[in-house]
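So the protein sequences, as listed, match chains A and B.
Heads up: the first sequence begins at 1 in the numbering used here, then just goes up one per residue.
Heads up: the second sequence begins at 1 in the numbering used here, then just goes up one per residue.
To be clear, the hints were calculated from the coordinates, so they are not data collected in a lab.
Among the hints, erroneous ones may be present.
Unchecked claim - Straight-line distance between alpha carbons at most 25 Å, and here's what the computed BS3-like set of lysine-lysine pairs gives: (1) B:K200 with A:K74; (2) A:K16 with A:K181; (3) B:K111 with A:K278; (4) A:K282 with B:K560; (5) A:K41 with A:K200; (6) B:K138 with B:K16; (7) A:K560 with B:K278; (8) A:K111 with B:K560; (9) A:K560 with B:K282; (10) A:K138 with B:K74; (11) B:K111 with A:K588; (12) B:K74 with A:K74.
To be verified - Derived Cβ-Cβ restraints for the label pairs, each shown as a range: (13) A:R48 with B:D532: 54 to 60 Å; (14) A:V579 with B:D374: 31 to 37 Å; (15) A:E535 with B:K359: 52 to 58 Å; (16) B:E600 with A:N139: 38 to 44 Å; (17) B:Q175 with A:T142: 45 to 51 Å; (18) A:D92 with B:E621: 36 to 42 Å; (19) A:H534 with B:T501: 58 to 64 Å; (20) A:Q153 with B:D532: 53 to 59 Å.
Claimed, not checked - Covered stretches of chain B (chain A as the covering partner; in silico rule of three or more C-beta atoms under 8 Å from a C-beta of chain A): (21) 221–228; (22) 554–565.
Remember, it's a predicted structure, so these values are computed and weren't measured experimentally.
Here a beta-carbon is modelled for each residue, glycine too, at the ideal position from N, C-alpha and C.
There are 2 protein chains.
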Amino acid sequence: MASEAFAKHRASMIEKYDIVIIGAGPVGLLLSTCLARWGYKIKHIDMRPVPTVTGRADGIQPRSLDLLRNMGLKRAIMANEPAKVFEVAFWDPRDGDQGIHRTGTWASCPKFIDARYPFTTLLHQGLIERVFIADLEKNGVTIQRPWRILGFQHDREDEEYPIQVTVGKVDSSEQETVRTKYLFSGEGARSFVREQLGVKMQHKDPIAHVWGVMDGVVQTNFPDIKMKCTIHSDNGSIMVIPRENNMVRLYIQIASSTDPDWNPRKTATTEEVQAAAKLIMKPYYIEWDRVEWYSVYPIGQGLADRYTLDERVFMGGDCCHTHSPKAGQGMNTAFLDGQNLAWKIHHVESGFADRSILKSYETERRLIAERLLDFDASYAKLFSQRHPNTHEVSQASNQISGSGQQEDSEFVKKFKESCEFTSGYGVAYNPNVLNWSREHPTASNPLFLSTEQGSATLRTGIILKPSTVIRVADANVVHLEQEVPLNGSYRIYIYAGLPATTKQALRDFNAALKKKNSFLSAYIRSDVSRVDQHEQHNPHSHFFTFATIFNASRPDIEIKELLPDILARYYDHVYADTVFDVHVPNTKASSHTKMGFSEENGGVVVVRPDGYVGCIIKLVEGSGTVDALNQYFGTFCSKPLGESKAQL
Amino acid sequence: MASEAFAKHRASMIEKYDIVIIGAGPVGLLLSTCLARWGYKIKHIDMRPVPTVTGRADGIQPRSLDLLRNMGLKRAIMANEPAKVFEVAFWDPRDGDQGIHRTGTWASCPKFIDARYPFTTLLHQGLIERVFIADLEKNGVTIQRPWRILGFQHDREDEEYPIQVTVGKVDSSEQETVRTKYLFSGEGARSFVREQLGVKMQHKDPIAHVWGVMDGVVQTNFPDIKMKCTIHSDNGSIMVIPRENNMVRLYIQIASSTDPDWNPRKTATTEEVQAAAKLIMKPYYIEWDRVEWYSVYPIGQGLADRYTLDERVFMGGDCCHTHSPKAGQGMNTAFLDGQNLAWKIHHVESGFADRSILKSYETERRLIAERLLDFDASYAKLFSQRHPNTHEVSQASNQISGSGQQEDSEFVKKFKESCEFTSGYGVAYNPNVLNWSREHPTASNPLFLSTEQGSATLRTGIILKPSTVIRVADANVVHLEQEVPLNGSYRIYIYAGLPATTKQALRDFNAALKKKNSFLSAYIRSDVSRVDQHEQHNPHSHFFTFATIFNASRPDIEIKELLPDILARYYDHVYADTVFDVHVPNTKASSHTKMGFSEENGGVVVVRPDGYVGCIIKLVEGSGTVDALNQYFGTFCSKPLGESKAQL
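Just need the whole structure built from these sequences, with the hints factored in.
Listed below in structure tokens is the structure:
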């Protein structure tokens, strides 16, 4: 007993954190930035004395730009004037030792993908990191550098802070031991935490390629130097990626496991790689004004068996998945790892959700990493076999989503899949408690809509489709999917169709929300009576924001006449669905149509805090719609919901 | 002789500037920012100890946003999250003392105006000033505060620096006397410089209104509090303007010359104005959480007789024109005053243009101010008579420019004019040496196109129409009108139609550019052989940038095959005109069509450094097109151009 008391005493003396984050690369920074904004106490360390100075990851995919905008960070990133890739060019050897020639180009994010930003943004990782670091500092978090993790253990000394972590200053004997609720490793491929946990990396194809990567300023007459290019030549292969500040990145394959003299430790000097590039790019010349960064690294596909063992110590980013850099997915996958974990930890720690939702971090994100590795392999294979011909590309590129009814060829299908994947919009989470399906605990409730039923275009587990609407309060033309920031709230979009048709349904919805055990009433803010009138997103609860979209013209929408009190309070989230959309040209209410709802009756979409669709529900008169929401949230919330229904 | 020598000696001791700018409001800041970027030595003083803290001007019109973007300042302005006005609502008294009701709304920048940003941006003037001040500081200019002008004289003591200026610290005896090439007054309505020059203000309607202006945060159930509103009631009139940070500005008319007890010195306390507002806004309530700024001022329409007497001492902004703040034109007109003068001073001082072009500052900008005053009066009259009815508004708003063939009613015509004017796109400069017309010295050359001839939509003296194209070098979708920044260069847009058709014309154009006395050869950079390969805009001359737009798909445009050497050097300014434009839906090459050029043969548009169209020329084989350009520039350039033609 004495030793237990002593241990408790010791635990009470030690500094305590909500989370200790190791590594300030993309995954660690995104997680840290979210949790800092939401008020958590964070210790964030990084081994490097300063943020990334040169090189490393640089591609922000269209879907990641949505995320950065949703966090309010896009403007600061774009202020660095990054390069933008709209098209990819293919270059192949000409017959008879005449060097390379262009065989085609395609859109990097073709029209059939409904992307708000149909391009890849290229910017050096350090500049991206600095945007996050500035935001962290606004919220009182400073990255502690250069510090590294020395040890950790999940013990019983403090139930609230079950993890003990020891960190030390690099090249110094200085150490700190702290306790924390969570430990996160965003350490990159060489992870101390992963090693300590004994988590194995599955190496699909261990070290299949050795790549040289060179950032620099060049002089060349190669016409596509500002485009992304895949160059095959009789002298080897190069990938060209434009960069900010007139730089260009070249990926040059130095060796691969298909070479007869394959050696995964093979390397090459800057001069050797430049000489190889000169040969490959003939008949064009290329000379370097300066080389900003050069690195050679062997790349093997690897996937961690587990992302956590105990839902207390988590890993993400390169720590869990490594692959070729060519598809530009590393940083983007890391961002989404960080985002996925952030709101789940927040919902557990704020008392909203059951601890079990933390399990979905691994199931959701490891699936994506698996797909990324599959894609990485098939992508390479697809284009090593042959480049697409002009007809195939134009056939695939010019289709607008949903409008193409003709049967695609196998090649075009793969092409489309690869575009969707690289853009980030191909990411789809499997069904679970958060992502409704016919296997969901609430499946017997007929008000839930599956993809096959009401909604041809919307499905759970994917990101909400972008749509443009008019905000009623100030007549601003806005991007609906961006209207609620990444603030930890579920976004409940009430598509209200024609006001005359849904008037009663909206009244009943409102009345049901007010019932004692509704999902809203159960998680009402303790300061609800003192909330500032200008609070737009969370006047009632920190976990829900309501938005109502009418199929009516803006001047005809009198918010206080059409909406009852609770819904009317979301005055800044009432919209007129009257903006033309090229993706659904034959409809009047384009946002309704994109969601698969009737223009008359509408429906309800529940979007998770990270922007992925959770469930889709019919909007009906009576309490049914809110009952269904109570059921949905009730499957993973901390409190019982909707009991009042049984009393009626 | 001795005294002359002494005077010269004294002049050589004194600090010398290219320009002394008095006042750091919008006009002074814009002028200063341009000239600082272009390397001029500037003394810039302001009487106020700090930039505008609260209140004052706040409306950035669509056309001004184009300008700010062209200067690279838009992102920093938008980072302040300004309010945006897309619609204006009209409120009128209901019959029988029942308070006000909404009678209609209209778009603040309707579809028939081809605007890149169809909204007004509302942001407190101080935040806008700070963006300019930060840019100035990057270029080594700090506003000297609080300092004011004490005296100046245009004498003969130093021909290069003919103006002597004495400035003094406010509330101190500290003084400085300097010499300068130019003196500019952006002092505002009470101008010492204007007074000293003896320039009179013409008061059309001296002090016609007394306005109260109040910025604050309110509580209200008035539904349009986030819209721009014109409210007429039986108890008086209010204009509502939304602001950043949940603020709202109310303009409340306290007295006007039509009142029976008219007194231009009438004033009112905050409480009186709030009480008046409460009466006007019935049946809605309005209460103030806080008042950030309140001011009462008598407004008279005034216009300075002259903007300069000697083309050395200039004035601009409120110093030259005062009017009601309701149309939100003050800051916007000031910006354009500053921009207009900046590049003209630059062209004279850099040796490019004849000093006589400085006369066009007054003729161009005073005309606009006159129109503003006319507009200000007629705008008030138009809507005091009646508000437009729904049919009229929808008739006017939904027409896309150029597509409406039906005859407009007088009211709709005036409505359209007023929208064009307030958006800033109605500004048109009259013909002069810079703005070609049938009265231009070069009028006998048949290659010049007038509006009546080739180009139905394009005319000289107006801003270049916006158009979206694809940049060939990197496949980026770009806004053509923004591709050349505000850097003091003329922008020569070569619409090259079909490559096969214009191939010879482009070769001949290129060859003629290379002739000894072409406008390009005459103003070649002295360091032309050492220009960095990444210089995009001015590889040959600081005064010209060439852009070539083909009616061809991007992958079919091989720049080095289609363009001869000089034009090919503008590698980043070659475009494919293949982007659909809703304003000209029935054309393939929308940018060609917008300029009024044939999709096959193209044509050339010369755009002044400030974005206004200077002249329009046929693209022909032979040297004719360049000969015409030589003639055009030759009318105001410092060197004789195109003599080589006579020798041929």
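Consistency of the hints with the structure:
1. B:K200 with A:K74: violated, 50 Å
2. A:K16 with A:K181: holds, 8 Å
3. B:K111 with A:K278: violated, 52 Å
4. A:K282 with B:K560: holds, 17 Å
5. A:K41 with A:K200: violated, 30 Å
6. B:K138 with B:K16: Measuring from Cα to Cα gives roughly 21 Å; hence the hint holds.
7. A:K560 with B:K278: holds, 20 Å
8. A:K111 with B:K560: violated, 29 Å
9. A:K560 with B:K282: Judged against 25 Å, a Cα distance of about 17 Å means the pair holds.
10. A:K138 with B:K74: holds, 24 Å
11. B:K111 with A:K588: holds, 18 Å
12. B:K74 with A:K74: holds, 15 Å
13. A:R48 with B:D532: 54 to 60 Å: violated, 33 Å
14. A:V579 with B:D374: 31 to 37 Å: holds, 36 Å
15. A:E535 with B:K359: 52 to 58 Å: For A:E535 and B:K359 the Cβ distance comes to about 56 Å; the hint holds.
16. B:E600 with A:N139: 38 to 44 Å: Because 59 Å falls outside the window, the suggested range is violated.
17. B:Q175 with A:T142: 45 to 51 Å: Between B:Q175 and A:T142, where Cβ atoms are some 48 Å apart, the hint holds.
18. A:D92 with B:E621: 36 to 42 Å: Because 37 Å falls inside the window, the suggested range holds.
19. A:H534 with B:T501: 58 to 64 Å: holds, 59 Å
20. A:Q153 with B:D532: 53 to 59 Å: Hint holds: Cβ distance 57 Å, inside 53 to 59 Å.
21. 221–228: That given contact holds, which follows from 4 residues of the region 221–228 of chain B lying within Cβ reach (below 8 Å) of chain A.
22. 554–565: holds (count 5)
In terms of the numbered hints stated before, the structure departs from hints 1, 3, 5, 8, 13, 16, listed from lowest to highest.
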